[in-house]
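Asker: Take the sequence shown: its position 7, counting from 1, is numbered 7 in the working numbering, and each next residue is one higher.
Treat each hint with caution, since some may be false.
To be verified - BS3-like cross-link-like pairs, simulated, lysine-lysine; straight-line CA separation at most 30 Å: (1) K36 - K100; (2) K36 - K91; (3) K59 - K36; (4) K10 - K26; (5) K6 - K26; (6) K100 - K9; (7) K26 - K59.
As the list claims (entries may be wrong) - Estimated spans, in silico, between C-beta atoms of each pair: (8) S82 - K59: 28 to 38 Å; (9) N80 - G55: 17 to 27 Å; (10) S2 - P64: 30 to 40 Å; (11) S2 - D27: 37 to 47 Å; (12) S82 - E12: 26 to 36 Å; (13) G94 - Q47: 29 to 39 Å; (14) D96 - E24: 13 to 23 Å; (15) S2 - Q47: 27 to 37 Å.
Just so you know, these hints were derived from the structure itself, not from any lab. Just so it is clear, the structure is predicted and the values come from calculations on it, not from any experiment. All C-beta atoms in this analysis are idealised placements derived from N, C-alpha and C, irrespective of residue type, glycine included.
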Amino acid sequence: MSGFVKVAKKSEIPADTGKLVQVEGKDIALFKVDNKVYAIYSVCPHQGGPLDEGGLDGKVAMCPWHGWQFDVTTGVCTFNPSIKQPVFPVKEEGDDIYVKA
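Turn these sequences into a full structure, and let the hints guide you.
Answerer: Okay, here's the thing in structure tokens:
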């Protein structure tokens, strides 16, 4: 698993919001969608809000500061597809979650 870093346990990720982790100095939010883990850059491009602290509705995370929404599986902003958050590869081994930044 070259380049992947163990960041959390799947059981630590809440069902309705994200979990903040850091990989290579990057703030990354982990979200569970249909029991699969996704990793997205946690800093909202609008004004720097923490996406990991926002709610999760299906596969859409919402920034708690101003309501910007992103599909955590693709990083695409729901109201403006030209805005895209970086997403990162995730590997799951049992309860362990690995991210490559």
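Asker: Could you grab the alpha-carbon distance between K100 and K9 and see if it respects the 30 Å cut-off?
Answerer: This hinted pair holds, its Cα atoms lying about 15 Å apart.
Asker: Between S82 and K59, is the Cβ distance one that fits in 28 to 38 Å?
Answerer: This hint is violated: roughly 19 Å between Cβ atoms.
Asker: Just to be careful, I want the Cα atoms of K36 and K91 compared with a cutoff of 30 Å; is the pair within it?
Answerer: 10 Å, holds
Asker: Taking the Cβ atom of G94 and the Cβ atom of Q47, is their distance within the range 29 to 39 Å?
Answerer: 38 Å, holds
Asker: Does 37 to 47 Å hold as the CB distance between S2 and D27, or does it fail?
Answerer: 23 Å, violated
Asker: State, for the Cβ atoms of N80 and G55, whether the hinted interval 17 to 27 Å holds or is violated.
Answerer: 19 Å, holds
Asker: Within 27 to 37 Å: is that where the Cβ-Cβ distance between S2 and Q47 falls?
Answerer: 36 Å, holds
Asker: May I ask you to test the hint 30 to 40 Å on the CB atoms belonging to S2 and P64?
Answerer: Holds - the Cβ-Cβ distance for S2 and P64, about 35 Å, lies within 30 to 40 Å.
Asker: Given the hinted pair K26 and K59, is their alpha-carbon gap at most 30 Å?
Answerer: 22 Å, holds
Asker: Next pair to validate is K36 with K100; report whether the Cα-Cα distance is within 30 Å.
Answerer: Holds: K36 and K100 sit about 16 Å apart, inside 30 Å.
Asker: Do the beta carbons of D96 and E24 sit within 13 to 23 Å of each other?
Answerer: 18 Å, holds
Asker: Is K10 close enough to K26, meaning Cα to Cα at most 30 Å?
Answerer: 19 Å, holds
Taken one by one, the earlier hints fail for this structure at numbers 8, 11, listed in ascending order.
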